[in-house]
Structures are given as C-alpha cells and as structure tokens.
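Novice: Chains D and S, in that order, give the protein sequences.
For the first sequence, the positions run 40 to 345 when my numbering is used.
For the second sequence, the positions run 186 to 516 when my numbering is used.
Derived by calculation from the structure, the hints in this document are not laboratory data.
It is possible that some hints are incorrect.
[What the hints assert, rightly or not] Rough simulated footprint, nothing fancy, chain S against chain D, three-plus residues with beta-carbon under 8 Å: (1) 73–79; (2) 163–171; (3) 230–241.
[What the hints assert, rightly or not] Which chain D residues face chain S? A few, computed with CB under 8 Å, are given here: (4) F44; (5) T47; (6) P117; (7) L118; (8) G131; (9) T134; (10) P145; (11) S146; (12) T150; (13) I196; (14) H199; (15) S205; (16) V248.
[Said to hold, decoys possible] Here are some chain S residues pointing at chain D (derived, C-beta under 7 Å): (17) D250; (18) G253; (19) V255; (20) I258; (21) A296; (22) R301; (23) T311; (24) A363; (25) E413.
Note that the structure is predicted; figures quoted are calculated from it, not measured.
Where is the CB? At the ideal position from N, CA and C, for every residue including glycine.
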Amino acid sequence: MTIAFDYTRSLGPVLGRFMAGLRDGRVLGGRTSDGRVHVPPLEFDPITHEPVTELVEVAPTGTVVSWTWNARPLEGQPLDRPFAWALIRLDGADTTLLHAVDAAAPSTIKTGARVRVRWAPVRAGHITDIACFEPGEAERQETPEPGPPVEIMTTPIRLHYRHTTSDEEDAYLRALAEGRLIGQRCPACRKVYVPPRVCPADGVAPGEVVAVADRGTVTTFCVVNVPFAGQRLPPPYVVAQVLLDGADIPIPHLILGLDAASVRMGMRVVAVWRDRSAWTFTPENIAHFEPADEPDAPYESYAEHQ
Amino acid sequence: MSEVAVIGFAASDRSVTTSGVETLVPVFEQALDRAGLGRREVDFWCSGSSDYLAGRAFSFVNAVDAIGAVPPIAESHVEMDAAWALYEAYLKILAGEAETALVYGFGKATAGDVHRVLALQLDPYTVAPLWPDAVSVAALQARIGIAAGLFTERDMAEVAARDSGGSAEELLGHPYLADPLRAHDVARVTDGAAAVVLAGGERASRHRERPAWITGIAHRIDPQGLGERDLTTVPSASAAARDAGLDHDVDVVALHAPFTHQELLLRHALGITGSSRFIGTDGDAMFSAGLSRIGAAAEEIMSGRAERAAAHATSGPALQQNLICVLGRDR
Numbered sequence: 040m041t042i043a044f045d046y047t048r049s050l051g052p053v054l055g056r057f058m059a060g061l062r063d064g065r066v067l068g069g070r071t072s073d074g075r076v077h078v079p080p081l082e083f084d085p086i087t088h089e090p091v092t093e094l095v096e097v098a099p100t101g102t103v104v105s106w107t108w109n110a111r112p113l114e115g116q117p118l119d120r121p122f123a124w125a126l127i128r129l130d131g132a133d134t135t136l137l138h139a140v141d142a143a144a145p146s147t148i149k150t151g152a153r154v155r156v157r158w159a160p161v162r163a164g165h166i167t168d169i170a171c172f173e174p175g176e177a178e179r180q181e182t183p184e185p186g187p188p189v190e191i192m193t194t195p196i197r198l199h200y201r202h203t204t205s206d207e208e209d210a211y212l213r214a215l216a217e218g219r220l221i222g223q224r225c226p227a228c229r230k231v232y233v234p235p236r237v238c239p240a241d242g243v244a245p246g247e248v249v250a251v252a253d254r255g256t257v258t259t260f261c262v263v264n265v266p267f268a269g270q271r272l273p274p275p276y277v278v279a280q281v282l283l284d285g286a287d288i289p290i291p292h293l294i295l296g297l298d299a300a301s302v303r304m305g306m307r308v309v310a311v312w313r314d315r316s317a318w319t320f321t322p323e324n325i326a327h328f329e330p331a332d333e334p335d336a337p338y339e340s341y342a343e344h345q
Numbered sequence: 186m187s188e189v190a191v192i193g194f195a196a197s198d199r200s201v202t203t204s205g206v207e208t209l210v211p212v213f214e215q216a217l218d219r220a221g222l223g224r225r226e227v228d229f230w231c232s233g234s235s236d237y238l239a240g241r242a243f244s245f246v247n248a249v250d251a252i253g254a255v256p257p258i259a260e261s262h263v264e265m266d267a268a269w270a271l272y273e274a275y276l277k278i279l280a281g282e283a284e285t286a287l288v289y290g291f292g293k294a295t296a297g298d299v300h301r302v303l304a305l306q307l308d309p310y311t312v313a314p315l316w317p318d319a320v321s322v323a324a325l326q327a328r329i330g331i332a333a334g335l336f337t338e339r340d341m342a343e344v345a346a347r348d349s350g351g352s353a354e355e356l357l358g359h360p361y362l363a364d365p366l367r368a369h370d371v372a373r374v375t376d377g378a379a380a381v382v383l384a385g386g387e388r389a390s391r392h393r394e395r396p397a398w399i400t401g402i403a404h405r406i407d408p409q410g411l412g413e414r415d416l417t418t419v420p421s422a423s424a425a426a427r428d429a430g431l432d433h434d435v436d437v438v439a440l441h442a443p444f445t446h447q448e449l450l451l452r453h454a455l456g457i458t459g460s461s462r463f464i465g466t467d468g469d470a471m472f473s474a475g476l477s478r479i480g481a482a483a484e485e486i487m488s489g490r491a492e493r494a495a496a497h498a499t500s501g502p503a504l505q506q507n508l509i510c511v512l513g514r515d516r
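Same shape as in the complex, but just chain S (with noise of 0.2 Å):
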C-alpha cells in the first residue's frame, strides 16, 4: 500500500534573483494553496540547490527565509536536483517523523557560465582541472551512442521538434554547436523554482480528491568517471526503474533530460515503449527540472487526466544519477 503523496505543485521559469528567496515566495504560496494546506502545517521542508551555481555560499539559507524560519522549522538540503530532496521527505514521511511536506529546488543557471560552472562536478583530480564543458561531455556521450547505431542525428531532432513544434528537417539544417549536438539538441539554460506538497497515508485524503500517490520511487548511480562507463546504456536508470516498479503500464512519462539525445538513451534504458504519452518541457532550470517533472507526473493523476504516471530526474555528468518515481491514482 502506498503511503505518500503529491496534493500540491508549483513551478516558476521566471528569472530567480541571486538568492532565491523572492522567487520562492510565490511558488510556495501556490503550491500550499493547491494542497490545501497552511505554511504552519508543514511538518519538513527539503531543499535542492547549488553553490556553485548560485556563486555563494550557503545558497540554501537565504532560500529558508521564504519558508519563515521562526518559530524554528525542521528543515534539510541537498546539493542535487530537488528531485532528490522530495526523496529524502518521502521516507521522511515514511518513518512517521512528518505528515506533510513541502519539498522545493530553485537555481540562477544565468549568474554565470552554467555549462563550465557544471565542470566542476567531474573528478577533482584528473578531470576537472581541463574545465571540459558540460555540453562537450554530452556531445561525447551523443556520438557514442550514433556510432553504436541507437539513435541518428535525426531522431534527436525529432525530439526537439516535438517540443518546440518545429520540423526535424529544419532543425537539422542548423550547423552544429559541438558535433554532433545542434543548439536543438541542448536544453534552454533557463533560472526556475519549483515546489511539491507531500502528505502521508489519510492526511493526503483529507487534502486532495485524487492524490498522486507514489508506489514506487527508486534512486541509483553510475560510476563518475566517463571512461568507466558504458554511455550507451544507463545502468543506474534502469535499475531505479525496475526497483519503482516502472512498467510499460504509464499513461503519461515526464523525463528530465538535458540533452535530445539523452531522452533517447532514457527511453531505451527504461523499456518506455511507443503507447506512453510525453510530457515535453522547455527548458532545464538547474536543481529544479527534475522534481517539476515529479510535479508534472503528479499533475497529471491529480487533474484525472491519467491513472498512472512516471517521473524521471537526473543529476551529475551524462545521466550519472537517475531517480524513478511511479505515482498512480490508487493507494
């Protein structure tokens, strides 16, 4: 039986000042709004965002003022997509220790060079100090899986296509950003906040006709080193789909991937076959893109849309982390 769920989403794309904090104002007030649940009812608050990418230290604290950190508050960060945070307020809730909680990510991708800032999270010691670009480390992940014959330079335009509506023909007219990624092929380094509401067990009823209950929610993790990977397969998707109980049984799949072909390699390492619809986006805001897409899944279940819905995140270079979760209309 389930025992947690989403009662309440909230997502902005609009430019997020350097702390956070005024942009987060509105986001939780939405999202608190749509669970149905007062600010004082929040029993844990868990944060996903980035020093390096927000150029100070201690980003998160800042962020808390937006929560009203008086009287204290019981709270948690993670340097990681919030994806990872509505993880930890998951067993939170699962240990008993809350009932409800609001889980959130916010980053300014824009203060700065966010593709070279994005080099430091490759190995301190032989491969950072090279500065390698997140969009070359992916242009390398991309060929391999050409050369493999997984995928074409077109089919990774069709998956551009498909969200901004425009023609694969077209798209692959453009001249290349770094062989074989076209500007389509990476995803708008945009600023975002985004917040989901989790209650446990009756609390969730009480507070939404249809929670999005998670049946299963699984996180794993590949080597770092990119030579120590095989970057056509995903290993740690795959693993965290079969341990959320991912089936082809999903009407709706929300992927956060970066990268055009990234959404290709996610599809083949999670077996999603053709019958599932796709929740496109527009845009990857660092350390929020990933729980929006838990947020959207979620969505979905609420508004009656779908019956079941799979949420994907990931983090670190070349899909290295990747989470699951699998949210349905029943407990």
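Extracted from the complex, chain D is given alone in its bound form (with noise of 0.2 Å):
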C-alpha cells in the first residue's frame, strides 16, 4: 500500500530568500552573529536566538568534505543512475550541504574534490532547483536581480508499506472470503469482538471463534451530504454503527436501499453480500446493508454497544 501526501510548507523570511535564490540561479548563505555563512541558512542565530536577517551569496563551487557512494537510488533520490551523496562547502560558506554528485563512479570522487552546482533546467524555488553537483569548477556568471522570496514549496512524500495482519485478523478476512462473518470472546469480559482483536478493556488476546449473523441493529449512523476526493457514492447516502446479532461491538458500513432521512437508530437491517466471484478478503463483500423486513430494536438492547 502506498501513502502519499504533497506536503506543503510556508517559508518565512529565510528560506523564502534562499529558495528564491536558487530559482534565480544563486545559492545564498545565512551569516550569524559569529560571522559564520551557514549554506543552507538558519532561521535563527544559534548564539544570540535573534532571527538571521543578513543573506550573502556564495559560489556555485565547492569542495567535498566527505562522500558515500550510493549504488543503488531510491525512488525520489536526485539522480536515478548511481551517483555519490555528499557534504559540499560551497566556497564562501562556513558550513556543509548535503547533495547528489554525478560522479561516473568511486573512483572519480574524493574527499577533497572541486564539484559545481548543476541547475535544474526549469527552477521553481526549491531545493530541488539544484538538479546535483558535478566535478569541476563553475565559471563566473552574471545572476540577475534577485525576485521576489518564494512564500510556499510543496514535497510530495509517497511511502511503500506492506501491512501484517495479526492471527485472528487473518482468520477473520480468510472467513470473510468465504461469505462468513466472525468474532471472538475475551476470555476475561465475555464480549465479542468483531473483528477479533486484544480487549481494550482487558489487554488480553481473544479466545473463544463466535460465528455472528449478517443482520444486525444500527446503533447510530451518519448522513454523508459533503462531496470528497475518492468518493465512491454520490451524497446523500448513509454510514452507520451496525451491531452484529451476537456481536458486542458494531462494525462501521453503508446503509442504502432506502431514502436517507429515513434511517434511524435501532433499525434492523441486513447484509447485501455482492456476487460470490467478486469475493475478496475484505468487508466489501458485503455491498451494503439495507433493511430488513423486522420491527426496531429497543433501545435498552443496544445502549451499551455504541
């Protein structure tokens, strides 16, 4: 499974002047209270704590003060070729960058070495503006008046993650592929968990498999009237608490098959399994609930379950 998110940050006073340097083709250091350039700058004074205000530019040329060499790139890496990762003193600056090096192999990186910057062909004002480093010195170029300081850059973070179920989280979707729906008892408080999990009241793993049934009580719902991203089924449709005949603790689900305002506490209703070929092992073999042909139930049978 993948998460994604494209994060998007404002950058104040001293990263908006640098991000905008880069976009202009200029690489500008932060000068603290010590005289020091710190490449990238600092928002604030390490030694005094008053915010840094004094930018100065330093050369697109630097020296390599140490370097790893990365065989294999990941996915969001600067270079998609093996490349070096290294800590540049750009000349002018008191303190390291860290960045990509197209270096061809090992052997042409050392400590020591001249790299210059090698801009990225379109520049938004973002770190990324600098494409990598490259061997060699940069020649002497005349920058243009510097633009207004970048308010936003946007990072978008994409993370792989395979998830594990537990034994009885297993055990409860291979029951789910097979058109069954199952529990299990805390030993310590007798109530049936669906899905199974550890009690929260109890801390103790679950017991005892319970088979429940496919109709149940909706305990409490909500009208989904809001349109969003993704968004399967067009508003209004219901979301509701379903407690499961012999359940003690209701699963969330869809609620259709009849108008929206009227579904209501305590209304009995039951599964809609889709078409047995479609099954996988998730709950959406269940399409929805809807009705079932059965009067409410009381309110005392399901008021501690909500």
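Build the complex: two chains, separate frames, hints provided.
Specialist: Have a look at this one:
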C-alpha cells in the first residue's frame, strides 16, 4: 500500500529568500553573529537566538568534505543512476550542504574534490532547483536581480508499506472470503469482538471463535452530504454502526436501499453480499446493508454498544 | 538519593504486526510478572512509536488496547525511541504523580523501507526532499571519523565481529554497502517491542530484592543540520553523560549504536575506557532498541552480575539526540 501526501509548507523570511535565490540561479547563505556563513541558512542565530537577517551569496562551486557511493538510488533521490552523496562546503560558506554528485564511478570522487552546481532546467524555488552537483569549477556568471521571495513550497512524500495482519485478523479476513462473519470472545469480559482483537478493556488476547449473523441493528449513523476526493457514492448516503447479532462491538458499513432521511437508530438491517465471484479478503464482500423486514430493536438492546 | 528504579524488563524481537498490539500483550505480561506487579497497579503508561514507520496515523492508539484502557488509564506517547518515554515516566514518578509506570516501545521497521522512511526526520525544506537514506547519511559521518583518524574500517569490523562472533579479517573482505560502510556496519533492520517497569522509592524495594536504581538520567540534542555539526564529535552524548553522572566506575555498558562507527564515536564521546563490559546487540529494533538497552543494563544489576551500569539511547540522524541512564545497586 502506498501512502502519499503533498506537504505544502510556508517558508518564512529566510528560507523564502534562499529558495528564491535557487530559482534565480544563486546560492545564498545566512550570516550569524560570529561571522560564519551557513548554507543552507539558519532561521535563527544559534548564539544570540535572534532572527537571521543577513543573506550573502556564496559560490556555486565547492569542496567535498565527505562522500559515500549510492549504488542503488531509491525513489525520489536526485538521480536515478548510481551517484555519490556528499557534504559540500561551497566557497564562501562555513558549513556543508548535503546533495548528490553526478560522478561516473566511486573512483572519480574523493574528499577534497571540487564540484559545481548543476542547475535544474526548470526552477521553481525548491531545493531540487539544484539538480545535483558535478565535478568541476563553475564559470563566473552574471545572475539577474533577485526576484521576490518564495512563499510556499510543496514536497510530495510517497511511502510504501506492506501491512501484516495478526493471526486473529487473518482468520477474520479468510472467513469473509468464504462469506462468513466471525468474532472472538474475550476470555476475561466475555464480550465478542468483530473483527477479533485484543480486548481494550482487559488487555488480553481474544479466545473462542464465535460465528455472528450478517444482520443486526443500527446503533448510530451519519448522513454523508459532503462530496470529497475518491468518493464512490453520490451523496447523500448513510454510514452507520451496525451491531451484528451475536457481537458486542458494532462495525461501520453503508446503509442503502432507502431514503437517507429514513434511517434511524435501532433500525434492523441485513447484509447484501456481492456476487460470490467478486469476493476477496475484505469487508467489501458485503456491498452494503439494507433494511430487514423486522420491527426496530428497543433502545435498551443496543444502548451499551454505541 | 535515587528515587526511581527499574524493577522489570521484557523484550521481543519477533515479527510485529502492523498495529503492534498482539506483540505487546505477552511482553507486558512478562515484564509485569518479573516486576511482581499487576496490570491494574500500573499508575502511568508511556510509549514510543512512529506513525511514519507503521504507515498509519495514530499508531499508538491501537497499541493502547494492549494496556486495557477501561477503566480509564493515565497514558502518554512520544514519537521517539521509548527511552525518551522512560524519561517522561521517570519525571512523573519524581513529581509524585505516580508510584509505578510501565514504559514500552514498538516498531515494525520491516513494513516499509526504513532507511528511506528515516529521510523524513531530516530538515523538511532543504534535505528531506532529496531523500537521503539513513545508511548514506551514516556513511558520510563514518568517512569523516576515519579521515580524522578516530578509527579505521578495521576498528569498525571489530565492533561487528564482537557481536556476531565472526572475524574482522573476514568481514573486511566483503564489498561496500555505502562506502565506507559494509553490510556488517549497519544494524540489522528488525521489528521489535520492549517494556520496562519503573517504581519509586519504597515501592521499588517492596517489589524487587535488587531494584536497579536510576542514579542519573539526562538527554540532550545537537543541531539537526548535518553541516551544522562536527560529525566526529557527539556533544549531546557527552553533555548527557556528564549530567547523568557517568564515570569510569561502571561495570557494564549498553550502547544503542545503529552503525559500528557510531559505537566508536560514542565510546570516545562518553569517555568509556577498556575496563567496562559491553552488552552487544543483534539489530536495531526501531523505537524500542534504546529502551531495551536500559532494560538490559538494569537486568545486569537486578541479576547481581553488576553493581553499576550505564545505558545509552539515540534518536535522529547521525547520533543527533542522545540519552544516558546510569543505574546502580544502591539508592
């Protein structure tokens, strides 16, 4: 499974000017009260704790202070072929900057090597405006007048995971794939959890496996009126907590097949299973719940289970 | 006079499920059993885990199920190694708000690419968008240490050989993973969970014949920017050691060093000389490794194998944050 989010960050007075510099083709450092020039710039002086206000241009050429070889680049890194990571002290700076060096082989990079910025062809005010570094000295170039500071930068983050289930979750999902619903009983409080889980009241692993019905009672619900990205049903529709007969914990699911305004607490509902050929290992094997032809359950029968 | 002691410890290095909760149940049972404490007698619970590592929001919420949260409990969480959760619990007991505490950490490092995930603890504006992986960042630090003459690749291999039982000579014949790091220089990525039980004052003596008294504990932080630091030194570890009262008079030392060169840097920063015995590790179980170092050091005291012990935990890139805990037989 992939979790992705485009982080949008406001930059503030120091990083905003630093990123604008990159966009304009120049590297800026921040000068602190001890006269040192930090690249990237610090927002606050570590000695006086005052805001850093003085930004000075440093050279686009520098010296490798440390390096390592990255034989198998990972997703998102500056180059998709083997390259060196390096800590680079740009001429005029007192601190080092971490970036990639496009070196042909480990033998072509060493501590003390001179490297220059390779600018990205299209620049937007982002650290990736420096595409990478490459061996050599930069030629002197006239840089244009500084443009306005960058206010916002966006950083897409994509992470990939393989989730693993517990033994109990595994049994629950396998049962779903066979059209069955199971819970497990807490050996201490005797409550039946669906899906089975460590009892949050007693902190003990679940015990006896219990079959539960595919019909139950709406304990509470909400009407979804708001459209959102990825929505599968046209609003309004109802998401409810359904207390399955034989269970002590309700499960969330859709209630369809009637006007949203007609759904009520205590309403008896029954599962509508998808076609058997579509079953997998998910609760989506149940398309939704719809009203059962039964009188409403009395409030006392589900009051404890909301 | 020391007021807080470790009275129980348990750890598991088996595979952790995504929620962590199933793994924690037996770890809690074991730690509480060793402390002679019932679950309902725990006044305060504190944990360390990470949403980014687990790949789900509020990863600690599921884990709270393993505590048994009804009736309501006092609980807290840090998004760091659980050694820092122990510090919070230590303060809670010192402040008189609790007599007993259970501290736990868990992480499922194998759910994703942990070395890539850890790029997200770097500066989010100027470094993280480049996705430097944790092994590469450590390699940059190792090279600076070697260039400064603090240690050699052979010294690093000898650290690995001590824990694996292999020979440094043989290890040095292996190819680089991230020059100058070889595979043996990088701690194995493992899932894991650990729990430490703390008690204050007389309560500790009541539960354990030889509680491991915390005689000093401190943590410090160095600047986040890798270029802002002299990577051959670990000022935060040195300062924490000073504040915790770490001296040469410890029988045993448990260091949390995810890379071999970091153990060498730490020994230097902490001024640990040859006479102390080192407790080796097998892997770096994210978010519980540091806590389990404290547990392992305490175990040495509780078992009678040591009179004084020191434990260390780290968090952040290239030893950025460091915690030192000194434990002793005497209050």
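Novice: Evaluate each hint against the coordinates.
Specialist: Results for each hint:
no.: 1; hint: 73–79; in the structure: holds (count 3)
no.: 2; hint: 163–171; in the structure: holds (count 3)
no.: 3; hint: 230–241; in the structure: holds (count 6)
no.: 4; hint: F44; in the structure: 11 Å, violated
no.: 5; hint: T47; in the structure: 11 Å, violated
no.: 6; hint: P117; in the structure: 6 Å, holds
no.: 7; hint: L118; in the structure: 10 Å, violated
no.: 8; hint: G131; in the structure: 14 Å, violated
no.: 9; hint: T134; in the structure: 4 Å, holds
no.: 10; hint: P145; in the structure: 6 Å, holds
no.: 11; hint: S146; in the structure: 11 Å, violated
no.: 12; hint: T150; in the structure: 6 Å, holds
no.: 13; hint: I196; in the structure: 7 Å, holds
no.: 14; hint: H199; in the structure: 6 Å, holds
no.: 15; hint: S205; in the structure: 4 Å, holds
no.: 16; hint: V248; in the structure: 16 Å, violated
no.: 17; hint: D250; in the structure: 4 Å, holds
no.: 18; hint: G253; in the structure: 3 Å, holds
no.: 19; hint: V255; in the structure: 4 Å, holds
no.: 20; hint: I258; in the structure: 10 Å, violated
no.: 21; hint: A296; in the structure: 5 Å, holds
no.: 22; hint: R301; in the structure: 5 Å, holds
no.: 23; hint: T311; in the structure: 4 Å, holds
no.: 24; hint: A363; in the structure: 5 Å, holds
no.: 25; hint: E413; in the structure: 6 Å, holds
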